[in-house]
Structures are given as C-alpha cells and as structure tokens.
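S.K.: Between the sequences and the hints, there should be enough to build the whole structure, so can you do that?
Residue numbers (the numbering used here), protein chains in the order written: chain A, 1426 to 1853; chain B, 901 to 1343; chain C, 807 to 1233.
Please note: incorrect hints may appear among the correct ones.
To be verified - Straight-line distance between alpha carbons at most 35 Å, and here's what the computed DSBU-like set of lysine-lysine pairs gives:
no., chain 1, residue 1, chain 2, residue 2
1, C, 967, A, 1585
2, C, 983, A, 1740
3, C, 1226, C, 1064
4, B, 1071, B, 1058
5, C, 841, A, 1740
6, C, 822, C, 877
7, C, 841, C, 1096
8, C, 983, A, 1585
9, C, 1213, C, 1226
10, A, 1740, C, 976
11, A, 1585, C, 1192
12, C, 822, C, 841
13, C, 1064, C, 1213
14, C, 1096, C, 1064
Unchecked claim - A partial selection of chain C residues facing chain B, derived with a Cβ cut-off under 7 Å:
no., residue
15, 821
16, 823
17, 1180
18, 1222
19, 1224
20, 1225
For the record, the hints were derived by calculation from the structure and aren't laboratory data. Computed from a prediction, not measured in an experiment: that's the story for all the values here. Just so it is clear, CB atoms sit at the ideal spot from N, CA and C, and this is done for glycine as well.
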Amino acid sequence: MTGGGRGHGRGGDGSCGCGPGEGGCGSAAPAAAGEAAAGAGAAGAVVARCTALMQDLRLGSVRAWKERTGGLAVGYMPVYVPREVLHAQGVLPVGIAGGGEMEIIRGDAYYQSYICHIPRSTVELGLDGSLDCLDGMLFPAICDVIRNLSGMWKMLFPGKLVRYMDVPQDFDPSMGGVFWRHEIRSLAEDLAARGARPLEDGALRDSIRAYNANRRRIRDLMELRRREPWKVPTHELYVVLRAGLVLPVEEHTALLDEYREAALADPDRRPLDQARVVVTGSFCEQPPLGLIKTLERAGCYIVDDDFVQVHRWLKGDVREDGDPVENLVRAFLEDSIAHPTRWIDRDRKGEELVARVRESRAEGVLFCAASFCDPALLDQPMIVAAVERAGIPWTGFKFSENTGQFQVIREQAGTFADSIKLWTGAQA
Amino acid sequence: MRTWTGIDLGSTTTKAVVLDEGARIIGRGITNSRSNYDVACRVALAEAVINTRFFLLSAELDRAGVPPARRDSWLEEMGRRFREQQYLGQLAVLREILLRLPGASAPEERHPLARILDRMREETDALFAAGAERKSDFFRDIAGSRYLRLAEEEAREKGARFDALAGLFDKAILDAENTPTGEGDFERYGMAAVGRMRTAPPELRGAVERAVRVDLERAGSVGTGYGRARLPFPRRQIRSEILCHGLGAHAMFPGTRTVLDIGGQDTKAIQVDEAGIVTSFQMNDRCAAGCGRYLGYIADEMNLGLHELGPLAGQATRPVRINSTCTVFAGAELRERLSLGEQREDILAGLHRAIILRAMSLLARSGGVADEFTFTGGVARNSTAVSVLRSLVRDNYGERRINISPDSIYTGALGAALFALRGSAAGHGAEEEAAASAAGGHP
Amino acid sequence: MSEAQVRKDRSQERQKQMIAEHYRRLARCGETGEKNVYTYVPGNLTELMRSFHALPVLPEINALQSGMRGKSRDYIAAAERDGHSEDVCTYVKCDIGMKRSGNVGPTGERLPDPDLLLLSYTGCFTFLKWFELLREEYDCPVVMLHVPYQGDGVITDAMRKYVVDQLREKVIPALEKATGRAYDEDLLRENLARSAKAEDDLVWVLQSARNRPSPIDAYFGGVYYIGPIFSAFRGTEDAVLYYRELREEIEERLRLGKGPVTPDGDMGEERFRVVVEGPPNWTSFREFWKMFSDEGAVVVASTYTKVGGTYDLGFRHDPSRPLETLAEYCMGCYTNLNLPSRVDLLARYVEEYAADGLLVNSVKSCNSFSAGQLLMLREVEKRTGKPAGFIESDLVDPRYFSAANIKNRLESWFQMIEQKRSGGGGR
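M.R.: Rendered as structure tokens:
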C-alpha cells in the first residue's frame, strides 16, 4: 500500500471474471453489529418484503398487477428510460436487472466467454418464461452488448414490443432535444398500438408528479445515508430500491416512507468505526447482495453508489407545469448524472464523482465494475485520474452478478478500509 | 488379409483401431500420448496390431473347435502372461537405460538400483497373476509405482537416498517408454507367454503359430485428433476429429443424432445425420474451462484419483453452487470452499454440475440434443457427470436415449478407420499408403 | 511476368504511394501548417474534412497497422500497465500505447497531435470512450456527432434531421474553427461526386466475387480493396484512379478465368466459397489467410468490408444533397444496422454469392460485432440450409490468436462442408 491507501487498484482483475480466492468467504464472516440489528423490527420487515420482490425472477407481483388492472407491463434494462411516459399510458414499467445468481442453462449458448453476465441471465429469463408477463422490452443505449440484445430480442420474441431507446448524445435542445422528443412520441405510439392509453399531457403531468415524489423520497434517503450511514445500511437501501423496479411508483413511494420511518425509529442503529466509501462502476449488471454485505462487513460504510440508477438518473425534479414531454426532454438534457454511458461534453471526466465524494464526506472510492463491462472499464482510467488528482484513495475489483465467492474482495476492501481510516486519522 | 487403421492422437492418450473388410473392429490399441507424438502413434498402432493377432488367435481356436469357455480362459491367461513378457522386455530396456545414467555410477546409488530392478523382475509373476489388480496398463504407471515403492523401502531399511533414486527413474522413464515395443511383439512373446501358462495346450500352440503367419496388409489409414497435424500422413489421410467422432459414434450407435465429447483439452458438441455425417458442431473456446482437465486439477488438489471423483460427488447431500469452471482458479476456489467447512462431496457435486452446464451451452449452440444422444470421452466414465447430464437433458429437451459405450475412448479412432475404409472403396488408399511410407512415416 | 501481374502491381503500387504520401504530409503538418482531424472509419466524413483541407487520421487504421507490424503486444501492455482493463477493446489500448510510445505511425513517421477530434459515434459505443480518453491525452477540441442506431432497421426522417442538424450546427463550425477556413459547399459537392465514382467501381469489384471462380477474395483481399475508400481518400482523385485501375485488373483476372491472389501467388482450384462475418485478426493476418487459401477456400462476401459503408446495398454519396447524403452514409454503415438486418444481409450474401456457408470470426475486442453473433449464426444457418462455422480471435491482441484452435475448427468446418457435399464417405 502506498500513499496512505491511494491507488491500490486493479486488484481482482481476473481475466475470466471469476474471482480467485483462497480460504474463507464473505458469507461465513460474522455479521457487522449494525446489520444484525437492522435485520429485526419494522425496517427488517420492509426489507424482507423488498428482498422477496427482488428475488422473484418470475415477477409474481407484476403478474398480479396485470390481473388486477388488465394493463400492459413493459420491461426495461438499466440504466435510463422515461418511465413517466409508460406510467401515463397506464403501462407498468418493469426494470429487469439480470438474473442474479440464477443458474444459466440456455443463456450461455448465446454469448462468448468475453461478454458480461447480465445479457446471459436476461436471455435465460426470457427463454424460461419468467418474462412472459411482459408485453415488451425497452433496451436503452448502454453499450453495444445491450444494443445488440435489442435485435436478438426481436428475433427471439417476435410477438413482443421491442425497442432500442437511442437516448441522445447531443444535449442541445434544438438537436438532441428534438430527437429525444421524437423518440418519446414514437415510444408512446408503439405502446398505444399495443393497447395502452394514448399519451395525454394531463396524465403525463400526473405521472411526472408521481415520479418526482418518488425521486424526492429517494434523494432524502440518500441524504440520510450520507449523514448517518448506520441508519440506512446500503444492503437494505439497495433492495428497497430494487423493489422500485417492479412496483407501481405510488406503492414504492409509500414503501420508501415506511422504510424511512422504521429505520429512523430503530434505536439499535448506532454508528460504528467504519470507513466511508463511494462505490462506483456497477450501474448495469448489479452486484450480488452478498458483495454489498461483504463490503459493509469488511468495515465500509457505503455512503454513495451507482446501484439501481434509474431512480437517480435525473438529479432533481422534472418541471410539473407546461409541456410535459418537453419537461422530460429538458430534464434528460440538462439534469442527468455524468454517466459512463453518455457523452460528457466538456473535459470534466470524473469531476462529478469527486464532487459526490466530497458531498458525502467519503474517504475513499471503490471501483466495482462488472467483468467485461465496456462503459465502466473504459471509463475507469479517466475516473481514477480524476480521483487521484483530488487526492482521494481508491481501490478496484471486478464482479459478476453471479459471483459467489467474496473472500478476495473482503480482504481487499478490509485492508482498504483500515488504511484509509489510518490515513484520515493521520491527516486529522 | 486387408486391414484399415484409424489413429486418434489425443492430448492425453493415443488410440488406434483396426478394421477388416467388413468394417468389423478386429484390433484396438491405446497408449499415453507422452511428449512424443510419433512414438505414441507407433505404440498405439503396435498395440492394435497385437490386439488384432489375439483376435485372429481367437478365430483360430474357434476353427479348431475349442469350446468358447475354454478358449476364453486360455486367452485370458495367455493375455496376462503376454503382458508380463512385454513388461519384462520393457523392464530390461529400463534397466539398461537406468544403469547407464551418469548418476547411477556411484556405488551408493548403483547397489540399491540394482536391487530394486532385480526385485521388480522377480515380482512380475505376482503382478500378472490371476486376479491381481494393476492401476493402469501403461508401463510408465506400473513400473513407476513399483519402483517408487521399492525405492522407499531401500531408503527406509538401507538408508539409500530416495530423492536420488526417484530422480534417476524420472530421467530414465522418458527414454524407456520412447523405446517402443514393436508390432512384432506377438511373434516375439506369443510363444513365451504360452510357455508361462500353468498348462500349455497344444491346440493353443498351433493356433498361435497360425495367427502369427497371417499376413496383415495395411490397405489404408487415416489419422485424427488434436495432434493430427503431427502425423506423418499425407493431407488426404487426415480428418478432423469432429468428423471422426461423428462417424465413430454413428458406427457404435447407429441411431445417434447428437454427440457430446468431453475430452481432456476440449469439449465438442456434434450433430450428425442418419449416415453419421456431421451437420453442425461447436467446440469450447480457447480456454479449457469445463473440460476434463479441470477435473484432473480438482483430483490433484484433493489428492484423489480421477476415477474417485464421480462416486464421491454422488454422495453429496447439499450440492454447492459453483459458477466458475475456470481451470486456473479451480484450486483456489476449492480451497476456499473447503475452508468454509463445506463438504468435499457437496463441492464436487457442484463442480460436476458446472462442467455439464458448460457442455449444455455448447450443445444448445450446436443445435440442441436430438434422439439418440451419445456421450463420449473420459468424462463419460464419470457416474456423477452422466447423471447430471441425464437430468439436464431430460429437463431441457425431453426424454432422450443416452448412449455411453465402455469403449467410447475409441470413438474418434473408429471414425478415422471407417474413413480409411471408405477412402479405399472410393479408390484411394494403396498409393497413399506408399506415399506415407515414402515420407518416412508409418504405417 | 504476365500483363495482369503488372496491372495488379499498378493499383497496389498506387495505394502504397497514396498512403506514404498521406503519412508524409501528416508528419510535416507542424511545418506546413496543414490541419488534421482524428476520426473513425465507420461514419467518417472524409469529403467534409477534405473540403476544409484537413487531413484525416484514423486511429483504428493505426491500431491495425500496429498489429500487422508486430507492435501491438507492447502497446497493449503499456496501456494495461497504466490501468486499462484486460477486458476491453484492444484497438483502444493499442492506440493509447502507441501514443505513449511516441505516436509513430505505420510508415515510421511521427503522427501529429490532432487539431480536432471528430467523434462520429457510429455503430460502436467504444468510440465514445475512446475519444474521451484521447481528449485526456491531447487536450484538444472534440466535436461529437451522434449517429442514431437503426434499431428498427430503418432510417427515419427524424434520425436524418438529427444528424444533418448536428453536421450543420456542430461539426461544420468545429471544422471552421479548427482549420480557419469557411465551409465551402461547392467543394464538398465536388468531393462527393468523386466518391460516388469510386464507390461504383468498388461495388463492381466486390460483386465480381459472384463469378465462379471468384477473381477476388472479398475478405483477406477485400481489406486492401477497401483501404482507400474507408480511410483518408474517399472523394479524392487518387481514389477515383485507384478504383478504376483495380477494376480493370479484376476485369482482366475474370477474363483469364483466374482465382484470387493469395499470400503465395495465384490461388489454385476454388474448393470452398465462404461468407465471413466479423473483422479479421491482424496480428497473424497472413497465417490466418493461409488457413483459407491452403484449403482452396475463397471468401466471396464479407461484412467487415462494409463497416465503412454498405455501398453494395445501393447507397452512393449524392452531391445534390450534401449533408443528407453524409447523414445517410453514416447511418448505413454495417455495425449501425440492427441484428435482424445483419442476418438478412448475411443470408442474402450466402445465396447471391452461391456460398457453401457462413463463417463467423468472433472478435473479443468488438462487442458491436460479436454480441449476438451466435444467434445470427443459427438464424443464417436455418434460412440458408448451409452449415455455419464459428471461430474466435481478436483484432490486435496476439494473446487471443490461438492458431491451433482456429485451424482445428476451420479444418473441421471445411471437411464437414465437403462431406455434406459428397453425401458422406471419402473425398
């Protein structure tokens, strides 16, 4: 370790994406005190409900919703889709974030060994009937793999609505804006052609309001976590956000309130001597819950992260008055996060991450990218440079959604946490 | 008589099959591929020719009216004694090489060495006695295990240096096994083997003499396998292992439409039509994850024999989910699991499943699993691998007849021999044999 | 030496001179004050750049040249040492490694730093990251041209307008600023007219492979034929002359009933006709090529030779609609087509070129090509009834070229085709 814990990155860069490990595993490690406490009580009950939703790969809640309402349900891959549009047309947007640790039997047949894991499990879910209840799938512009998956989906599931969502990489309202507006309109027409309600301004305004309310709750929880991470441990917040991928937004908003209240009321949530870190790089393929727990058990408070980013792609509220489509377009153009999947117009790669580190008073950055994830891994050298310029310690490793062994990551994160605490102590 | 040969030069073993005019298998030979493909090829072929002579011998006994039960018991005893004679011949070669080594000139090595070799010669009778178990049929393995055992005794009882003795063996064995026994072994040792039998029936002597006299004309040969490019055959006499495997599996089980072969270095999924012609195939990518070699690493890591893995995994009660079949990390992953307190059996069950899942994805890529489905290669001998495959095939493709032959290791060589036979029928063959011989090669 | 041989040498000689002269001019940019613009092969706006008298620099071409010259291993290692992941595109790492090793181009002369990075984001997500990385290396202006993907297999008016607007409002002003020259549409039209002429001849050459025997190899030979038009020379008089000469040479081969040229001279009997999907491997290009030519296999059509434009589908640069035509050109490049369109094209090639089957060379670096190829392969096989083959390698990472593995699969595939053709048995 050099420079007080800085730049010990590129660990766990196993070229197969399968973590080498020796001895012991995260799941066998003793749980951190905060985690044991958080398992119980009202918050625990919310988290348990959310965990069940997240692990229900056959989308039981979506099936029930469809039966109840007779509406359409349309899936979308990470990272961003304008969910408000679907909502306004009475369509349930369903975020499909891979298959986690499910066993892959058919999906591997479509992918070479050098391609990330999420499309394998997504294809598996499609082929094994888990996604039958979805009337369509949206594939936003994340990378070439997901882009091509949109074409594969067209071939594999010819009866379904399949759209590649080509979000603009030009952020000028008169160009990218016009284009995005057209894409949104065209999406709405496609949905209407499948039996959804036509898109109307009034309904869209209501939907924007509903999602603004949801986003505000999430921002507040993030703020709470930045302030008092022991009250909102990330392994809980993560599943609570994952539940938002499948629930109608109003239900999710209520659930967020319930969780917040329960978490704040829990007297057992007390601070520990943990290092504050920002985890970055896992925005599409999601890490296994065990990995998040491993990081926390290794002595890290995750005070900011990239998980389930669709909830946080737009940084603030979308305007609720005026032309609602235009408001969505403007929000995308002007208020999106600085994401690896989008063009960053000026020379400021990594600046936003540095700002997030400052804002959350984090002591270090963990680059936690999925193996073979082009946007994250191509971004990493630039982000690392920015982080190093800012004098922020960092380390890095790779995972895949079905990584089962966390020992190496635990060692690495634990060492990192210890070292930055020492370093921060010495600075103080 | 006219014969056709197929040689399959695999990464771990080299196999040869001899066919007669009626496409009947009359001889088979196998040896370890070692580092020298040329020698491996020659040895496998020699073994197949010896095997052919035994086949002829059996036919001679039938012709002489020897009842089958007696015939088989004679052939069994003679076969063992024949192996013994071969072993003694190879042992003599080993002795000569060992004693010539520079390290063997000092008395402290020379005396124990000579004693070990004497004892090895003395114990062959027991080694090849009826019912005696030998771990392997390869000279390297039999001689190696005896030598090291005796060297240990020397070290323990007489204070010899075990390391030095073991080192000498390692140096000598390569040369010894590359000094192959020849195709003429049957002629050389056949009668001696009969002489070593408890009773030497005159009908058998007569039959051996007649079997030796049969002229085996090699009318055509085809080579295949991983090392086929190393075979000194003209291009036309080399076929891809995929084609040979497809045809061989078809010959063994004519209803075959899908073939899965999991070998040491690679996994192949092959679809064939009703004539055994390959219509589609897929192979694993450049990394050997999920191949037989992976199980080899695991066996080494657990200090087990390869054949023990399947039965152990079969005892699992709570199979562990293993997501990586990366050979490089196999050992580390295993140690990690063990240190977690997970049961060896459960881990092994997970590993077997992971390998078969990789194979399932190759099968899907090649076009799925049709009826009938033939499973070949070393892993087809592993009971747990087979039962996992059975259930996954049933779950994903429905009921399929699954064929596994105890001789599946010869599938590729059989396909190659059939190509040789068909090639001759199509008018090639003899002139190419001549070309092959002229090129300094064999056969 | 036959007359045809002399003529063959003429087009090759010309291409060599064009390239040498181009890199010479680039090397002298510092003294002459000529401007240069870095951009990519797919969606390259060469006519537009040249109308500003700017010289194009194509980083992919530099990377593949580094691969062919045996330099890529060290360049990639240098980039990985500096923190680039083993998992990602080796063109990018090769380029970054080359830059950090002195930025010496394929002809041994130093490349100038860019006056502008023109990021035409066409058909490949990595392009976007690549120029973000180069921007950090060079600290120079960048202009982004977002070329929408043909997700539904069509170019809509909205897509065309989006690209044209960006060209007018973003790209042209950036070029004006970088070169100090005003936009000259007449000059652009002249360039576009010359492009169309060269494109006609290129398409004729590529389609000559419909003959039996094919006078060209449309993959290994094809990568040379597309050189001028895919890189810095589209719209130049040199390119027009090159393609006219090339066409004459191929006409001559055709007249003489000759097969393609191979690394070992003229090819013998044409035994297999193959369609190839995916880029070639550059580090062992010759060895790879010989695995085909030694078997008598000719590539009659390939998709890689369409990454810089799908001219054989009928597109020509149209001087009467200069910006619209550039927009359509960009959106029509092969990797900007969706997977169903790519399957259509491949199935059409197999039929129209009377091929024995489709071979996919799946390249680790290029997910734009590779992701989904296994499904494409199955679909094409299903539609054409011809067996498909599958091999894996990389663009410029020699660690991912396993000659034994590829040869094994190729041989098996060729023998399978042959066995099927003869209905089994021997040869």
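S.K.: Please go over all the hints and tell whether each is borne out by the structure.
M.R.: Verification of the supplied hints:
no.: 1; hint: 967(C) with 1585(A); in the structure: holds, 29 Å
no.: 2; hint: 983(C) with 1740(A); in the structure: holds, 34 Å
no.: 3; hint: 1226(C) with 1064(C); in the structure: holds, 27 Å
no.: 4; hint: 1071(B) with 1058(B); in the structure: holds, 23 Å
no.: 5; hint: 841(C) with 1740(A); in the structure: violated, 40 Å
no.: 6; hint: 822(C) with 877(C); in the structure: holds, 20 Å
no.: 7; hint: 841(C) with 1096(C); in the structure: violated, 40 Å
no.: 8; hint: 983(C) with 1585(A); in the structure: violated, 48 Å
no.: 9; hint: 1213(C) with 1226(C); in the structure: holds, 20 Å
no.: 10; hint: 1740(A) with 976(C); in the structure: holds, 27 Å
no.: 11; hint: 1585(A) with 1192(C); in the structure: holds, 29 Å
no.: 12; hint: 822(C) with 841(C); in the structure: holds, 22 Å
no.: 13; hint: 1064(C) with 1213(C); in the structure: holds, 26 Å
no.: 14; hint: 1096(C) with 1064(C); in the structure: holds, 18 Å
no.: 15; hint: 821; in the structure: violated, 34 Å
no.: 16; hint: 823; in the structure: violated, 39 Å
no.: 17; hint: 1180; in the structure: holds, 6 Å
no.: 18; hint: 1222; in the structure: holds, 5 Å
no.: 19; hint: 1224; in the structure: violated, 9 Å
no.: 20; hint: 1225; in the structure: holds, 5 Å
The structure fails to meet hints 5, 7, 8, 15, 16 and 19 from the earlier list, while all remaining hints are met.
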